[in-house]
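One line per chain: the protein sequences are A and B, in this order.
Position 81 (the first sequence) corresponds to 80 in numbering that gives the first Met the number 0; numbering is contiguous.
Position 115 (the second sequence) corresponds to 114 in numbering that gives the first Met the number 0; numbering is contiguous.
Be aware that a few hints might be false.
[What the hints assert, rightly or not] Label pairs and their calculated CB-CB ranges:
1. A:G47 - B:D116: 39 to 47 Å
2. B:K73 - A:I60: 40 to 48 Å
3. A:W43 - B:R230: 43 to 51 Å
4. A:E119 - B:S159: 23 to 31 Å
5. A:P46 - B:P70: 19 to 27 Å
6. B:G181 - A:P46: 23 to 31 Å
Bear in mind the hints are in silico, worked out from the structure with no lab data behind them.
Where is the CB? At the ideal position from N, CA and C, for every residue including glycine.
So the chains spell out like this:
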Amino acid sequence: MSIETAWLGPEEWQAVMLSLRVSIWATLAALPLAVFVAYALARWQFPGKQVVNSLVHLPLILPPVVTGYLLLMVFGTKGPVGGALQQIGIVFAFRWTGAALAAAIMAFPLMVRAIRLSVEAVDPKLEQAAATLGASRLMCFATITLPMILPGLIAGAVLGFAKAMGEFGATITFVSSIPGQTQTLPSAIYTFLQVPGGETAALRLTLVSIAIALTALLLSELLARRAADRAGGR
Amino acid sequence: MLTVSLQHALPGFGLDVQFEAPPGVTVLFGRSGTGKTTVIQAVAGLLRPDQGRVALEGEVLCDTRRGQWLPPHKRRMGYVFQEGRLFPHLTVRQNLLFGQWFAPRDAKRESLERVVDLLGIGPLLQRRPGRLSGGEKQRVAIGRALLAAPRMILADEPLSALDEARKAEILPYFEKLRDEIGIPMLYVSHSAAEVARLATTVVVLQDGRVQRQGTAAEVLGDPAVMPAGVRAAGALLQARVARHHSDGLTELDAGGVPLFLPQVAKAPGSMVRVRISAHEVILSRRRPEGLSALNILPATVENVRTGGGPGAMVSLTTPAGRVLARVTRRSAQALGLEPGAECHAVVKTVSIAPEDIGSGK
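Can you build the whole structure from these sequences, using the hints too?
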């Protein structure tokens, strides 16, 4: 048994591990789509661009409880999408996958914003130059744009991860707070604070939260600086 | 052979050009804002013309009437941009090799060693573009375009972002591309000196139209065509290096007439092109004596063009080729310079600048 498991109770440990799993999956799953949407918003002109932009930003401005309730209606087992997915064995409601879905949707606008800014900073003339050298659009993206937006992409991913770790309102509305199933760090802290004598457990989890957030931030700074050095041509 | 026919609406005017670029270097020559860049971008596929057709060696790159469009990455045109556009996150070596990933396997390609050697960029290979000077960047950009195994090089004012010293450094590399690699080139410029040095064919653009097309000597010697302004007028002579003199002069044989230039670093027997600025030429009806100028060409006045100003542009036939002289209208009258009049064109050796002397025919 490691020190952490001795220090944290089994229920607390479960919440930490679940939160990490939910946040990592939410970030990894949302990242490719976020890059695509950010690139499309930064580079392309298409009808309905403003609608897409508003939809992407909606979770940022809606009350999280509303987002959670909408998710429950759409992805719940009786919802139009959730019902269909249940037929093929994918269930979101009251499962950790649902917590990941909620976290991904809440983190998505933050990721898109950070990545879009870095795409806009890449000179499209470089992509033109790559095209004249024989690179197709996809190769242009993979060899020129992607390496150059890497700092912004890392920043966006960390921001998204932090948001996913802290997500509470939409998660608890959509998947409740079932220990071992859907009880993430914030919902565990909230639950501990509801019972007498739970303050110390809540404090321990708070310290863990701070530690994870700081580690993520430092790691991203380090990676982003390295990527920026490369992209800056030094 | 590249054939181009384009119509495209631009702010303020319409572009409507037709021309052909035979093998060698074709310079699109004209003032800024005459649509030169639009033309070269349409050839590269970076711009879709409103209407037109572009074909290279019979292959259609773009034909708006038939709805044909080859995207830029399939055209294999080596583009040298004004500002280099090197990829900042890649080393010089990675920049150079970028195009080789995408070139067809059976394409005729230059080796990295030869290009690096030709452009003198060996010491730069491990650096990133952020640590290169303007001239170095442009040399790498030329190499990068060349190593993509292009069917043609497109150069859009590749020297205009450089200072005079860097221009003089880069220009010889384009001559090498023409003379040693022998790749066809479409080169956009507003500088008469670059035209004189590089062009085998000149297409003069004015207000979105082709004003004149011909060989460099024909176009530069035509007093009616002055896209770079009358102050930049000057005819192009082709001559053979005869011998080098011990006092630092190089003697050329220009159609049987000796022409003395400041030392030219070319072996006797090689051909050079020399631009003679019109305003550096003095005319005299009698053969002058006791004059410090070394070059005195017997000439016959072909025509005299005058405008509203005090100047007159006299075009002359000489054994060396056509020479333009810009004198005052007053002198032209006083000397009786009329078509058919015999006279002598005097050119000071030191008035011929190094950037006016290039290699090749």
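Results of checking the hints against the structure:
1. A:G47 - B:D116: 39 to 47 Å: Roughly 54 Å apart at Cβ, these two residues miss the hinted range, so it is violated.
2. B:K73 - A:I60: 40 to 48 Å: Holds, at about 44 Å.
3. A:W43 - B:R230: 43 to 51 Å: Roughly 47 Å apart at Cβ, these two residues keep to the hinted range, so it holds.
4. A:E119 - B:S159: 23 to 31 Å: 27 Å, holds
5. A:P46 - B:P70: 19 to 27 Å: Check passed, 23 Å falls within 19 to 27 Å.
6. B:G181 - A:P46: 23 to 31 Å: Violated - the Cβ-Cβ distance for B:G181 and A:P46, about 49 Å, lies outside 23 to 31 Å.
The earlier numbered hints that this structure contradicts are 1 and 6.
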